[in-house]
Amino acid sequence: MKKSIIAGLLAASVSITGCGGSSSGEGHISEEQSRKTREMLAESKRNAQQVEKLNELYKETPDQILFENNGQNSAVYKELQQRYKDQLAELKKSVEATGAKFIVAIITPEVGVAISDFTRYGHPFIRQACNELGVEYYDLGPALATQKPTVITQMPRDGHWSKVGAVFLADQLEPIITKYKDHRSTAVYKDSERPETFGDLAPSTEEVLDGGKDMPYKVVANAQGLRMDHDVVFPKKKQHVLFLGGSQFYSPFLDNEFIATSVLAQRHPDIEMMNAGMIAGCTDDFLSLWEEKSKYSEPDVVIMQTNGTDITDLFFTNRNHLARSKKPYEPSPVEEAYFMNRFRR
Amino acid sequence: MLFNTSEFAVFFFIVLVAYWAVHKWMNVRNMVLLAANWYFYNNLHYTFPFYLLGMILVGYTFAHLIQGKEEKATRKGILATGIVILGFGLTYIKYSKLILGNIAGMEQWQASALHIIVPLGISYYTFSSIGYIVDVYRRRLPAERNLLTYAAYISFFPHLLSGPIPSSVTVLPQFTKISIPTLARIEHSVGEIVWGLFKKMVIAAHAEKVVNYCYARYDDLDGSTVFLGVMLFNLYLYADFSAYSDIARGVGRLMGIELTQNFKMPHFSRNPGEFWRRWHTSLRKWMLDYLYLPLGGNRGGMGKYILSILFIFTFSGLWHGANMTFVCWGLLNGIYFIPYILTDSLTRYKDAPAAGRLLPPVKVAGQIAFTFLLTTLSRIFFRAPDMTVAKGLIHKIFSASFLRLPLKMVYTKVAMFIPLLAFEWVQREKDYVLQLSRKHMWVRVAGYIIVVILICLLYKKQNASEYYYFKF
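In the order they appear, the protein sequences are chains A and B.
At the far end of the first sequence sits residue 345, using my numbering, and the numbering has no gaps.
At the far end of the second sequence sits residue 817, using my numbering, and the numbering has no gaps.
Next comes chain B alone, as it looks inside the complex (with noise of 0.2 Å):
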């Protein structure tokens, strides 16, 4: 059941009525939460669930089980079982192919070989569990007495398959209270969903083909075109993913609760750190906060810090795949900081770019641009089936067949996100991109009417296309 997709409109409809009914009651809210979270999973695979449920009940008991202890040594074993039990699922189905692949006299033990099926969403709620089990450990908050709660919450549908990965010490309390959402929440809510539906409906819609055509068919294009198919993959993931996320987050909030928010208009990123701290920030924090920081940050030295943003993004790389294509992605985009490491460059900027200005200077513009030109040449990684390809793609961009004009049909779809683009930096110092005039009502519904009118005419039908990120 796809947010895009009039069934997910009546299942989400029904369950907001149902849900909003029985508020007051904390415990029967969850139930009703849980019920619909059970349904839309049990949608995709009648097994998800019950995968889903002993990874929570895991979760659930290594917490108390921490809980219940005081000294350190004992609370850390129980940690680590935790987080071993909890890790082994999504460590066997992705990865044992990779592992015991290479094994001679194990190749049978492989998940696909034994025809299991990968529960989509496992990445996230794996990370999520993993990351409540060790906050608990670090007493950043109690293990949660209500099973039903703990379950609603690891569970919760808008965040199940994609992300965001919720943060337990902020996600989890919101399922032990009531927080009616204002009028300005609600529209809130309105404007990213709209936004998300119209960015994959229309934007991602639009250039799937294009990426897919550009990656399968490299060989007989120029350079040019390969390189603007790259690009072209950069937006689109940007477009299709931050769609999810926008359409996540209003849906949970119509529920009163909210999540992280994971995009932060990252092409406009002014170097690599900024682009990390727009892009998919969930994932990042996480990273930061279970993995990075524990392993020292960038203290202990300029090699030990660049050791770590080398480890943290090669792992990244594996959260993605086991195939070497992420493991170059992660190691690439690692790489991408050393330089600014080294001129101490990597500055932390805190307002939008050219803030209050419409253009940005030259400076500005050349940092965004060239932080872009970085991303998208990760991409070649990112979306090569395999390293042949990767390869086979490097040789096509930088050939002389680069200079020749590129194929009108990649262009053109290129083109099509200037528009978005354009709208996003004029909206970029908002909180929210559809976020319109503060004072007038109705320009905002008038914009929010104009961008559903957009949807309905240009709409294009995908075949049964997924949101890019389900897979991982």
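Same shape as in the complex, but just chain A (with noise of 0.2 Å):
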């Protein structure tokens, strides 16, 4: 009884002392962890309060004048255009050092008359831009303009994809996924490295979302974040695509079952079709869901959707709206000077 006591004192007083060897690595770790935690926690809500005293600052997203002078002479556009550029150009190398094909699809369904000049001035220099970066790029506004809008997508009620949009939408990216069916990339993550999520949906859920519109739809996320219905395994036994976008890829109003992804996935068996598509991103979103969890999906080929509201959307208020990194984005003084004019004059 008596020798019992002594061990349990002893065995407290190596816990309380810190002496007992691996117990005392592994509390290292721990405090370690939630000193990073508490941290993390810390400046996600500086960065919360900071977001919200800028969308009180400045509440406008820009408009259309944004175009003055066919977008040519705008200063702010100008400089939108060229973050954009960058973010491109960032997104290419960092995508193309994981030995990854990257290839930029230029996709909305604007056509025709319902053309804005999102589109009409964004385009043209996305696909200068991606000239000039040495990106491969397919624009599908030509194939789109043959379609009439109320087949492919489900206006008038809403502009997305419809069941025939999104079959579609499918076929134009076959060729891209027939040409790069080959391509390896070289990265490859170890388990531990690997984020819980890929993607930015609630993982492992299925349920029902109408977007305010009275359109419900089946939403399916896989225990990775992604859009789909099943999860990806590794070591990867097939190659792997990741589609990054914004809601043309992740495509609101429509089961998952029916959406352009899913059809490439039932069409090709032997390859993994991960749709990491989100609502209302642009390449700001993208690239940071790259570097935060994407890149560790392991894909052999990227094909990110973008279009003209890619540029806009990089307007700091924007931003401060919609990003989904949640941090401050403060203006430029180009930004000021422009909402000043434009907003407080």
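Hints listed in this document are in silico derivations from the structure and should not be mistaken for laboratory results.
From a predicted model like this one, the values you see are computed outputs, not experimental measurements.
Hints are supplied without guarantee of correctness; some may be wrong.
[To be verified] Within a straight-line C-alpha distance of at most 27 Å, the following computed DSSO-like cross-link-like pairs (lysine-lysine) qualify: (1) B/439 / A/213; (2) A/45 / B/806; (3) B/736 / A/213; (4) B/806 / A/213; (5) A/93 / A/78; (6) A/213 / B/805; (7) A/163 / B/753; (8) A/213 / B/442; (9) A/326 / B/805; (10) B/753 / A/213; (11) A/213 / B/816; (12) B/736 / A/163; (13) B/805 / A/45; (14) A/326 / B/806; (15) A/101 / A/238.
Hints are included, so try docking the two chains, each in its own frame, into the full complex.
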């Protein structure tokens, strides 16, 4: 009895003084982790406060006036174009560093009279930027122009893909998939390096959303936060194609089985089609998603969907309202001048 | 201002304090109530209270005109005129599209073409106003002399938007009396409010989007999923509508006003007749008193009996909306009665099903399941926006795909109702669902607290979701 009491006290003293080898080490790591967590929480709180403050100061988001003088002489539009180009270059560099093929697909359902200034001035610039950066791009605009908007989209209720439109989009992406079906990346990550998710959807969910339009649709997200109904396995056994993009890839108002990436997955069971599409995303979001999460899915081909709104979405007030990073975006002097002139004069 | 919002909680607290502070002075009390009713209704649209005011003045005036005459023919004439005037607004606003829309050259006179907004609750207070003047005509009660009292009764905010449709004979006199609630009645109110909030904020909220999905995307779904979607709607509708009625009753009782019990656990009904004595009972009673019995009811032979039933249910369908789907829903519910009438098996049960037993005998379970199936199938028409969708849903349900495994998302939502129904089954002989131990107060308090905790934990925010029956 006496012995056991002494043994217990000794054990307790070892524990208190931290003399026990392994337990001391674990405690140290745990403290380090909790310190990091605390710091991260504090930073995100600071960020949220700063974003809130900026959104109060700068409420308005830019409109068509941004394209004054056909967008050519607008200092702020030029700055946003440069920002877009820089991010595109950064994304290309980062994707190619993994050995993956980086491809841009210019996709918007705007055709004919429906073309807005975002497309009118944005698309020529995107094509030019891709050419200058050596990025392979596919402009789906001409093909889309041959289609009836009421057939390929859910107009008049919504401008996103209909079931027919999703198949049409899959048809347009098909040549890219086929062309690079033998391409393989070189980057391989350890399980311990990989984040819990590769996309931004709530993992392992199956829910009905209606987008506030009374158009209910079913969203299934796998355990890795991607819009697909099965998990991506590692080490990978087949080619991985990552779809980075906004709502044109995410495809609201369609059930999972009808979206373009599911259509492609059915056609190519030997390829893992990973849909990381997000609502209201732009290059800034695609870049941060890639760096934080998506690159760990070890894609061999990355297809980034873009269009003209991705340029204007980089305006600081848009970012403060929409950015997935939730970080504060301070205005540049040019943005500040534009904002004051447009909204505060 | 929905019952399940903090805005309503603040509003109700202020009204309750003011109401009881002046309760000894009847006119002042009713004035407080009227001001609260006006504020509540004005919150939805500033024009609504003016429409309601017009209805109140018409109802009040015609009741006095009827009472002032002795000759039956004159009284009848005044009553008919009153019903026409009171019913005109409802008919015009809800049915002009159906009627004028099909007459060449008259389309521009539809209420929708004139951008007239449909006042929420119009069907309910039109029916209560008509019921009142008919009751005065039948000398079931004298015309209310005090306009303030009558106005407070018709516009009483707990029942204004979705009923229960009040019976003037039982509810109106309560506005002329002071009835301080006892502790037991306060507890009864709390029990009903808490249970109502649970049904709306937890059960109905979780089911709503999946129901919408099943009705909107039925074309892409298997028959089994569509069937469960329709069943889910049947259950959702019960949770949503009975929640409103429970809260309305609880709120009314806290102000000393006892409203009709609108739902009596209808999904445990053993035949369609019992179902309608347990579902939306205030509308049934209105139909019975002011339509079915004047038509002769079940007197005059089986043929007339069946015709009366079909007429009543078709009328009920039209009350819900000027749409062929509602006509079909009503007719179908009427048709359900025919085999029971022909075989003389429309039993009028007085006791709760399997009273005194934990589980029902097989025969009773079969009767309950069959009645539930019938009501579920009728919900195809009730929820479908048009006949094309209704036909599509039927086609899906009665297709080979009915044998496939339904979507998990749908059957898990249906399964969510099992504990709710099981609890209601256990409590089916009580006065209200959350009526717990009669002896131990701590058991009851613990029960209420558990339900409140469940609401907090499981509450699902809806997209500005109104109660489903507001649209009627």
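Structure-based check of each hint:
no., hint, in the structure
1, B/439 / A/213, "holds (24 Å)"
2, A/45 / B/806, "holds (24 Å)"
3, B/736 / A/213, "holds (24 Å)"
4, B/806 / A/213, "holds (16 Å)"
5, A/93 / A/78, "holds (22 Å)"
6, A/213 / B/805, "holds (19 Å)"
7, A/163 / B/753, "holds (23 Å)"
8, A/213 / B/442, "holds (24 Å)"
9, A/326 / B/805, "holds (25 Å)"
10, B/753 / A/213, "holds (24 Å)"
11, A/213 / B/816, "holds (18 Å)"
12, B/736 / A/163, "holds (22 Å)"
13, B/805 / A/45, "holds (25 Å)"
14, A/326 / B/806, "holds (23 Å)"
15, A/101 / A/238, "holds (16 Å)"
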